[in-house]
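Number of protein chains: 2
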Amino acid sequence: MRWIRYTAEGRTGYGILEGDRIREVRGDPFEGHEATGRVHALDAVRIEVPVIPRTFYCAGLNYVEHVKEQAAKRGETPNIPTKPDIGYRAANALIAHGEDVVIPRDATEKVHYEGELVVVVGKKAKHLGEAEALSCVLGYTIGNDVSERTWQRGDRTLWRAKNTDTFKPMGPWIETELDLDAAETIVRLNGAVSTRFPTNHMLFGVATFISAMTRYLTLWPGDIIWMGTDGTSPDLRHGDVVEVEITGIGTLRNRFVREGM
Amino acid sequence: MRWIRYTAEGRTGYGILEGDRIREVRGDPFEGHEATGRVHALDAVRIEVPVIPRTFYCAGLNYVEHVKEQAAKRGETPNIPTKPDIGYRAANALIAHGEDVVIPRDATEKVHYEGELVVVVGKKAKHLGEAEALSCVLGYTIGNDVSERTWQRGDRTLWRAKNTDTFKPMGPWIETELDLDAAETIVRLNGAVSTRFPTNHMLFGVATFISAMTRYLTLWPGDIIWMGTDGTSPDLRHGDVVEVEITGIGTLRNRFVREGM
Numbered sequence: 001m002r003w004i005r006y007t008a009e010g011r012t013g014y015g016i017l018e019g020d021r022i023r024e025v026r027g028d029p030f031e032g033h034e035a036t037g038r039v040h041a042l043d044a045v046r047i048e049v050p051v052i053p054r055t056f057y058c059a060g061l062n063y064v065e066h067v068k069e070q071a072a073k074r075g076e077t078p079n080i081p082t083k084p085d086i087g088y089r090a091a092n093a094l095i096a097h098g099e100d101v102v103i104p105r106d107a108t109e110k111v112h113y114e115g116e117l118v119v120v121v122g123k124k125a126k127h128l129g130e131a132e133a134l135s136c137v138l139g140y141t142i143g144n145d146v147s148e149r150t151w152q153r154g155d156r157t158l159w160r161a162k163n164t165d166t167f168k169p170m171g172p173w174i175e176t177e178l179d180l181d182a183a184e185t186i187v188r189l190n191g192a193v194s195t196r197f198p199t200n201h202m203l204f205g206v207a208t209f210i211s212a213m214t215r216y217l218t219l220w221p222g223d224i225i226w227m228g229t230d231g232t233s234p235d236l237r238h239g240d241v242v243e244v245e246i247t248g249i250g251t252l253r254n255r256f257v258r259e260g261m
Numbered sequence: 001m002r003w004i005r006y007t008a009e010g011r012t013g014y015g016i017l018e019g020d021r022i023r024e025v026r027g028d029p030f031e032g033h034e035a036t037g038r039v040h041a042l043d044a045v046r047i048e049v050p051v052i053p054r055t056f057y058c059a060g061l062n063y064v065e066h067v068k069e070q071a072a073k074r075g076e077t078p079n080i081p082t083k084p085d086i087g088y089r090a091a092n093a094l095i096a097h098g099e100d101v102v103i104p105r106d107a108t109e110k111v112h113y114e115g116e117l118v119v120v121v122g123k124k125a126k127h128l129g130e131a132e133a134l135s136c137v138l139g140y141t142i143g144n145d146v147s148e149r150t151w152q153r154g155d156r157t158l159w160r161a162k163n164t165d166t167f168k169p170m171g172p173w174i175e176t177e178l179d180l181d182a183a184e185t186i187v188r189l190n191g192a193v194s195t196r197f198p199t200n201h202m203l204f205g206v207a208t209f210i211s212a213m214t215r216y217l218t219l220w221p222g223d224i225i226w227m228g229t230d231g232t233s234p235d236l237r238h239g240d241v242v243e244v245e246i247t248g249i250g251t252l253r254n255r256f257v258r259e260g261m
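Chains as they are written, first to last, in full-length UniProt numbering: chain A, 1 to 261; chain B, 1 to 261.
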């Protein structure tokens, strides 16, 4: 099942996507919902960010090749994480499928994409073992963890490198039935494949992260966990269009523009 | 004016605190409000976390003595921040005035308090100069940035060191009129003063942080910014009661307990 959040006729809410038609609901996938009987055409609505998270978690370094390639670019020894220490991103930076990523005037050329699987939490959860960890998951969507690498290296935190407004495209919708082992992440730059990897070839998988996290913290409905990326990105330029596809979910597409151009 | 969020007769909402009486409102300080005409006694309600933030910002290292003392404890050279790089904390960890901080079973003895000024954002804001930066502030409350120092040093991120459930007491209310230059932060451990410092003796003040942050990101109503702490804390033990007072706001009091004791 696919949950989509959208705006039609001035109202924002949730619906269930079937092919290119949306069955409108009252309520949401977290607190409960009922069909209104109304239907919208997908191409007649504005797609919104699928959920504004209560807490925005991010796995950071979670694929071996990405860690090695990023270290190589900096001339450093790769520092492969030995346990699942979760990190954070910020809600201000979220934009929807189809919206523009706006690169600030003073950013360097080192602006990169990171195509990521996003876990959407559906139920409050604490102290979940790995075997039951996925029971709190509502479904999966797609994120692009846009990064300004010069700020990432020079600042004390990742605040503007990762969380500048528009740097976190997410969507287009939430897929509740995904075969993680069969999924592939494919990133296209201006229509040509530039990065691809098996989505589930993570250092620490979704269940491992959720189990480790919920030993100390409570996950809440609407929390999101971005699972990290593999490979590297070329430097992105004004006008570039980046598509992150995860097979079985869909494709998140956003154009990159330089502020003031 | 003091905004308090509380539960009375099974309902949670906002009121205006005058002495020890609460004037109940419909709505909230962010979207608008009107008096209901009902009044509650302060000691008859349960005080709640004053706001569940959209994004939970934290200045981290923002007082010179704290940076120096923390570095000295680790036998390192202090690394004084040279610019206001904001960090993040997580909403799961928030608890209200009067609730217990629960130290996990496997935490070391190195559990510390950090008494902090908390800025509550009242209006959406971007690109604010320093002179106008405080115009987006609704008011101020108090935070205790509880930290497990062994995890803080050993983990790749601050997730459990800073964001374990109950590690972020905040409250008791929001004061809208505070003379920052006159305010003093006083931390008491079991009734005896253990740390005190002028609240506004920060490396980077509230207006400087807001101006720097809003160059890249949009602040939203209900966002909070924890401004960092000065001095150091002794190791906290089962049963310890920590009070963080900021003169002109009030006192945030929480007991620390070890899980399973």
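Mixed in with the good hints there might be a few duds.
Since the list gives no way to pick out one identical chain from another, each pair is judged satisfied if it fits inside one copy or across any two copies.
For lysine-lysine, the following DSS-like pairs were computed, each having C-alpha atoms within a straight-line distance of at most 30 angstroms [to be verified]: (1) LYS123 <-> LYS110; (2) LYS110 <-> LYS126; (3) LYS73 <-> LYS124; (4) LYS110 <-> LYS68; (5) LYS110 <-> LYS83; (6) LYS68 <-> LYS123; (7) LYS73 <-> LYS126.
Everything labelled a hint here was simulated from the structure, so no lab data went into it.
Here is how each hint holds up against the structure:
For the identical chains of this complex, LYS123 and LYS110 are neighbours neither inside a copy (38 angstroms) nor across copies (32 angstroms), given an alpha-carbon limit of 30 angstroms. Taking identical chains as interchangeable, the C-alpha atoms of LYS110 and LYS126 lie at most 30 angstroms apart only when they sit on different chains, with a minimum of 24 angstroms there against 39 angstroms within one chain. For the identical chains of this complex, LYS73 and LYS124 are neighbours neither inside a copy (40 angstroms) nor across copies (38 angstroms), given an alpha-carbon limit of 30 angstroms. Proximity of LYS110 and LYS68 under a CA criterion of 30 angstroms is satisfied intra-copy only: 18 angstroms inside one chain copy versus 34 angstroms between copies.
Taking identical chains as interchangeable, the C-alpha atoms of LYS110 and LYS83 lie at most 30 angstroms apart whether they share a chain (29 angstroms) or sit on different chains (21 angstroms). Taking the shortest alpha-carbon separations for LYS68 and LYS123, neither the intra-copy value of 35 angstroms nor the inter-copy value of 43 angstroms comes in at or below 30 angstroms. When the C-alpha separation of LYS73 and LYS126 is checked against a cutoff of 30 angstroms, the pair qualifies neither within a copy, at 39 angstroms, nor between copies, at 34 angstroms.
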